[in-house]
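2 protein chains.
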Amino acid sequence: MGLKQSYAIIGTGALGGLYGGLLARGGFDVHFLANSDANHIALKGLQVETPLGDFHLPNVNVYSDIAKMPACDVTIVALKSTLNHLLPAILPVTTRGGGKVLVLQNGLDVEADSARVVGEDRVLGGCCFLCSNKVGPGHIRHLDYGRIVFGEYSSDPYGKPAPGITERAQQIEAELREAGIDAEATDDLLLTRWKKLMWNIPFNGLSVALDASTQEIMEHGDSLALAEAIIREVHTAAVGLDVAVPESWIQKQIDATKKMVPYDASMRLDYRFGRPMELDAIFSNAIEAASSAGIAMPLVGMMLKQLKFLNSRNLKGSD
Amino acid sequence: MGLKQSYAIIGTGALGGLYGGLLARGGFDVHFLANSDANHIALKGLQVETPLGDFHLPNVNVYSDIAKMPACDVTIVALKSTLNHLLPAILPVTTRGGGKVLVLQNGLDVEADSARVVGEDRVLGGCCFLCSNKVGPGHIRHLDYGRIVFGEYSSDPYGKPAPGITERAQQIEAELREAGIDAEATDDLLLTRWKKLMWNIPFNGLSVALDASTQEIMEHGDSLALAEAIIREVHTAAVGLDVAVPESWIQKQIDATKKMVPYDASMRLDYRFGRPMELDAIFSNAIEAASSAGIAMPLVGMMLKQLKFLNSRNLKGSD
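Residue numbers (my numbering), protein chains in the order written: chain E, 1 to 319; chain B, 1 to 319.
In short, the hints are calculated from the structure, not lab data. Certain hints may be false.
Copies of the same chain look alike in the list, so a pair counts if it fits in one copy or across any two.
[Claimed, not checked] Under the rule of at most 25 angstroms between Cα atoms (straight-line distance), these lysine to any residue pairs were calculated in the SDA-like manner:
hint: 1; residue 1: Lys68; residue 2: Asn39
hint: 2; residue 1: Lys258; residue 2: Asn314
hint: 3; residue 1: Lys252; residue 2: Glu184
hint: 4; residue 1: Lys316; residue 2: Met218
Okay, chain E solo, but in the shape it has when bound:
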C-alpha cells in the first residue's frame, strides 16, 4: 500500500471535523479548511465526542486562507452543497499535482460541481450514514452510525454497468479503516446515492415541513404514513432508472429511523439557523433524474415547492 496519503478536509463541520479528526488521530497528514472557527481550532484544537472514543487534537493544521493550503493526495469535500460555488477557488489548490477528490455531500450528482473543476476522472463520491452535529467552535458531537460508502463517480451513469472498485478507492478504504472509520468502497455509487435519498428526501423534508424531529415523525400515524409514501415514491423512481434498490430497503429506512436516537435532520438545523437548505442536491436533482426517464414524483415535487417557499422566506429573515 506504500506511503500514507495526505488529506485535505474542505469544511470542518459535523462531517469534516469527525472524519478528518479521526484521520489526524490515526497519524495521517491532514489539513483542514475552516471558516468561522479556524482561529479557535488553531488555538484550542479540535474536540470530538464520539462513540468510537472521545478525543482532543491539540495541534491541528487548520486554514482559513485557501492559498496557504498544501496540495494533498485526497481532498475530501465536506461542505454543504449550497457552498459549491466556492469549489473553483479551492480544489485547484488542494489537488494540484493530480490529487483526487472525494465528495461526501448529501444528494444526487453533487459531484458534478467538483468534476467541472478537476475533471470527472479524478472524482469519487460517497454517502455518509451518520448522526453528527457541530455543537460549538471546533467541537463535534458524533451521536450514532458513521458509515461511509463511496466509489467512482460518473456524470452519466444510468443504464451503464457500474465501474469496478478501483485501486485508488481500495487504498482510501484501507486508510479510512485504519483511522477507525467504518468505510466501504462500492462499485455502484449510484445505488448508494439513491439508497441514501430514500432517507434524506422524506426525513429532511418532513422535518422542515412539519418542524419535527425524526422521533415525532415516527410517532404520529399520519406523518409516518406520509414518510412511507415518500420513501416509496423515491424507490419507484430509482427502480425506474434501473437503479436496483431492493424493495426491502423501504422498510429498512422506517425501522432504522424508529431505532435512531432522537435527532434533528441536517436540513432542519440549516432551516433553524437561517442557512440555505440543500434543496437542489437532495430534491431537484432527484426529480430531474426521474423526470428524464418519464417518472413523476408528485409527493416529492410538492414537498420541494413547500421547502422552496420556506427557504426563501427564511433567508429573507421575514418570517
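Given the structure of chain E, go ahead and fit chain B onto it with the hints provided.
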C-alpha cells in the same frame, strides 16, 4: 310570500354574527345561540363592521342555553363542523314544529350531521364566499365578498339530476336579499360545494402548512404553482364525479385570490388559536368522494396527512 320567517342562528361567529346581524337589522325575528360572548352580546349588543355599512344592534335575542331558544322557521347552522357533535342537542329544539335547517358550513357533505338529526328532507346547504373575522366579543369585521349560494341537500347526489330550486329555497333567498345579503338559490348545491372546495382545499391547507397568508402564497412562485396544482387536482376529482365545474374556474380561483385583500384563511386562524381544524369536512370528505369513484388525490392526501400531524400536535399544546 306571506309572513317573514323567523331565524335561529347557531353560532355567533364571523359568519353567523354577520348574516344573523343583517337579518336582525332587516327586521327579521332572529335568535342567536352564542357561546363565550353570550353575556357580552346580551349587555352590549352586536357590533358589525361591513362594507355594506357598519351597524350596531343594541338589543339582540341571544342565548347560551339551547333549552331557552324558541322554535324558528329556519335554523342556520353557522358552527364550525368540528362542533357538529353538538347538533343533536340543538336542532331538535330550534326546528320543533317542522323548521328547516340551512347548513352554512365549509366542506363537503357537512349537511349529513344535521340530516341525521332532523331528516334529510328538511335540510338545505350553502357555501359562503366571504372574508369575515370575529375580532372581539360580539364584534364582527366583514372585510370582503359575502355571497351565499345555497340549495337543497341530498346525501347521495352523484350522478343524479340536481333537484330544482324549491319554493322554500326561493323564500329564503328573497328574505336574505331583503336583508341586504347577496344570496342565490341554486339547483345544484353539489356543484357549488366543489367550486368552493377548489378554494378551500388549496388556500386553507397551504396557509397552515406554510404558515402564510393568501398574499404570501400568491407572491411566491413555488407556493403559487403548488396552489395551482392542488386546485387542478380538486377540479379533476370534481369532473371525475360528474360535477361539471368549468375548467375556467381554476384560473378564476387564482385571479380572485390575487385580488383578495390580505386575509388569513379560517383554518389558519383555527390553527393559530389552538382550535381543531375542519379537516374531515374540507379534506377527508373530498378525498373519500373522489376515491369512491376511483380517483386519486395524491397532493390533497399529502396535505391532509401534514395537517393531521400539525392539528394533533397543536391540540396537545406541545409544539
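For each hint, the structure was consulted:
In this assembly of identical chains, the alpha carbons of Lys68 and Asn39 lie at most 25 angstroms apart only when taken from the same copy (14 angstroms versus 76 angstroms across copies). For a Cα distance limit of 25 angstroms, the shortest separation of Lys258 from Asn314 across copies, 23 angstroms, qualifies, whereas the shortest one inside one copy, 29 angstroms, does not. Taking identical chains as interchangeable, the C-alpha atoms of Lys252 and Glu184 lie at most 25 angstroms apart only when both belong to the same chain, with a minimum of 19 angstroms there against 56 angstroms between chains. When the C-alpha separation of Lys316 and Met218 is checked against a cutoff of 25 angstroms, the pair qualifies only between copies, where the shortest distance is 17 angstroms, while the shortest distance within a copy is 31 angstroms.
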